[in-house]
Amino acid sequence: MTELAHPDRLAKIAALRSEGKDPYPARGVDCEPLERLIAGGGSVEEPGPLIGERVTAAGRILGLRDFGKLIFAPLVDRSGRLQVGMQKDRLGDWWPDRKRLDGGDILAVTGELGRTQKGELTIWAEEVQLLSKALAPPPEKWHGLVDIEQRRRRRYVDLWSSESVSEVFIKRSRLISIARRFLEERGFLEVETPTLHPIVGGAAARPFTTHHNALGVDLYLRIAPELYLKRLIVGGLERVFEVARNFRNEGIDATHNPEFTMLELYQAQADFRHMMELSETLVEELAVELTGSKTITYRGRQFDLSAPFRRARYDELFREKNGFELDDEPAVRSKAAELGLKADPKTDFWKLLAELFDVTVEESLTGPVFVTHYPVPLCPLAKTDPQDARFAERFELFIAGMELANAFSELNDPQEQERRFEEQVASKDPEVPGEVDIDYVQALEFGMPPTGGMGIGIDRLAMLLTDQPSIRDVLLFPTLRPQPQGGGPSSEQEHAQEK
RNA sequence: GGGCGCAUAGCUCAGUAGGUAGAGCAACUGGCUUUUAACCAGUAGGUCCCAGGUUCGAUCCCUGGUGCGCUCACCA
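In the working numbering, the protein residues as written are 577 to 1075.
Be careful, since some hints might not be right.
Calculated pairs, SDA-like style, for lysine to any residue (alpha carbon to alpha carbon, straight line, at most 25 Å) [said to hold, decoys possible]: (1) K927 - L866; (2) K694 - V652; (3) K645 - A710; (4) K675 - K747; (5) K709 - K694; (6) K675 - E702; (7) K717 - V864; (8) K1004 - T786; (9) K1004 - P953; (10) K1004 - F1022; (11) K709 - K747; (12) K675 - F758; (13) K897 - G868; (14) K645 - G668; (15) K694 - D665; (16) K675 - P714; (17) K597 - I614; (18) K897 - S869; (19) K709 - E835; (20) K597 - R612; (21) K645 - P713; (22) K694 - L711; (23) K717 - V1008; (24) K709 - A587; (25) K927 - Q878; (26) K747 - D665; (27) K597 - K664; (28) K1004 - A913.
Cβ pair distances, simulated, as ranges [stated by the list, open to error]: (29) G763 - A615: 34 to 40 Å; (30) R887 - S708: 24 to 30 Å; (31) E826 - R603: 44 to 50 Å; (32) R887 - R641: 22 to 28 Å; (33) D880 - H850: 20 to 26 Å; (34) H787 - G827: 44 to 50 Å; (35) D598 - G639: 20 to 26 Å; (36) D665 - H719: 32 to 38 Å; (37) S708 - H850: 32 to 38 Å; (38) G827 - H850: 32 to 38 Å; (39) G868 - S708: 47 to 53 Å; (40) D1015 - E853: 49 to 55 Å.
Bear in mind the hints are in silico, worked out from the structure with no lab data behind them.
Just so you know, these numbers come straight off a predicted model, no measurement behind them.
Where is the CB? At the ideal position from N, CA and C, for every residue including glycine.
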């Protein structure tokens, strides 16, 4: 037992066992979700069909309000919260066992659905069965878990001790489910591709490295599924998507977690314009389904997610904010220096330009807006714009200043792709693949149809649609520094002593 | 990794201008059959994050560390 186990509760378990009562019975019970009982109870004015009926519910009791011969206890399950009333008159044989109940215990209750004098919907218990005894006490009943670290380390407590928390994660789940249905309705096939990659590719990021013993090779956790999904387009699957967990060995902040979820999709015989339509339609639909409106509130600001979204060219946005063309290298360098960017002359011009764009333009992209036509050197996997060879057929979608989607007309010219890969390798940039993915080039040599591809950050979309300020609030178990033994804050001392 | 901030009872928080601490809730005992953070009376509960230093004396001051939050850099 850990320090969380309460001695009085251990004593209650021992007492139950000595009477032949199992505090952790093996069988579940048939019960109704509380939501259904609440709906079936109707209102005080118009009683529902379940009033007066014998019902069974199961859930966790958060506390006990004990009046001597009457006890009220709020019962919660995933779907809602409903009060249980336990009366001596109705529970004769069981009644002495009330002394063994504690906040946090999981119970099954059978009894008549009714109301109290004040009108509160209540199950008047006739049978109470302990399903699982809680040894650790629940958090403070009024505030719930407030300490943000504990909320994240002990999500299993956070989820039931604060009503709004589980809603966020239920919505996140619905978001993914709606997106799947949306894509399946449009002929997309959900696929699964490897997360262990022999070569890093599909994005610019530092990878996690691991090792396979039997093969005797180092492998990387994927930073993006892109190159595998496009192999499937070569394979003729035509419309594919993956809800892909990606891993990037980078810093952690409000919008970044080392593992995160991208919805990536690829559509043959399409280009980035189709991807714009698809993404704005999907985002609008998700907003309506999850929030009930096309206009959402994020961190106190309103965003209208009605399709179509505004389109704005990268170079035009750049010119508006900076007053000169983005390929005016001297101007870019001097402006960057002026803003204090790391701008020594050997810094790659295009990296510098991207940084200057981030600083001068991205701040103002409240959105929703598609930023289109990125400079080609920033888009090694995208097709060049036939109208202007300086730019690529690519867009990124910004909402509330967050980058939510990235898409392009996929480069399908194997010679051009090989050349761009070789340029990347030659740059020796540590954040760019250090090796040409020959197999991918060969896949293109077999012929890939014109293809539109897109990645949507599911975590950020969930933040936006559930109005959460940090990615860690939409991840059930965000990456935290591990704490040896037990994970609770009380083990910090042991940790410190080891150092 | 840099900067700023936080760490006190199981939980939420006070507090000590250096003299080893207190409330509410939770727990325990008793009372109460209609509460909604129930109420009333009583009891118990603390290495004041860790390690050094200064001091007669440190939870408080100093240094170092750990964890978390915010922020900057990197990234989606």
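So, going through the hints one by one against the coordinates:
no.	hint	verdict
1	K927 - L866	38 Å, violated
2	K694 - V652	20 Å, holds
3	K645 - A710	23 Å, holds
4	K675 - K747	38 Å, violated
5	K709 - K694	31 Å, violated
6	K675 - E702	17 Å, holds
7	K717 - V864	34 Å, violated
8	K1004 - T786	22 Å, holds
9	K1004 - P953	15 Å, holds
10	K1004 - F1022	29 Å, violated
11	K709 - K747	30 Å, violated
12	K675 - F758	52 Å, violated
13	K897 - G868	36 Å, violated
14	K645 - G668	11 Å, holds
15	K694 - D665	20 Å, holds
16	K675 - P714	17 Å, holds
17	K597 - I614	31 Å, violated
18	K897 - S869	32 Å, violated
19	K709 - E835	35 Å, violated
20	K597 - R612	30 Å, violated
21	K645 - P713	24 Å, holds
22	K694 - L711	33 Å, violated
23	K717 - V1008	50 Å, violated
24	K709 - A587	11 Å, holds
25	K927 - Q878	33 Å, violated
26	K747 - D665	42 Å, violated
27	K597 - K664	20 Å, holds
28	K1004 - A913	24 Å, holds
29	G763 - A615: 34 to 40 Å	37 Å, holds
30	R887 - S708: 24 to 30 Å	55 Å, violated
31	E826 - R603: 44 to 50 Å	48 Å, holds
32	R887 - R641: 22 to 28 Å	59 Å, violated
33	D880 - H850: 20 to 26 Å	23 Å, holds
34	H787 - G827: 44 to 50 Å	24 Å, violated
35	D598 - G639: 20 to 26 Å	24 Å, holds
36	D665 - H719: 32 to 38 Å	35 Å, holds
37	S708 - H850: 32 to 38 Å	51 Å, violated
38	G827 - H850: 32 to 38 Å	34 Å, holds
39	G868 - S708: 47 to 53 Å	36 Å, violated
40	D1015 - E853: 49 to 55 Å	32 Å, violated
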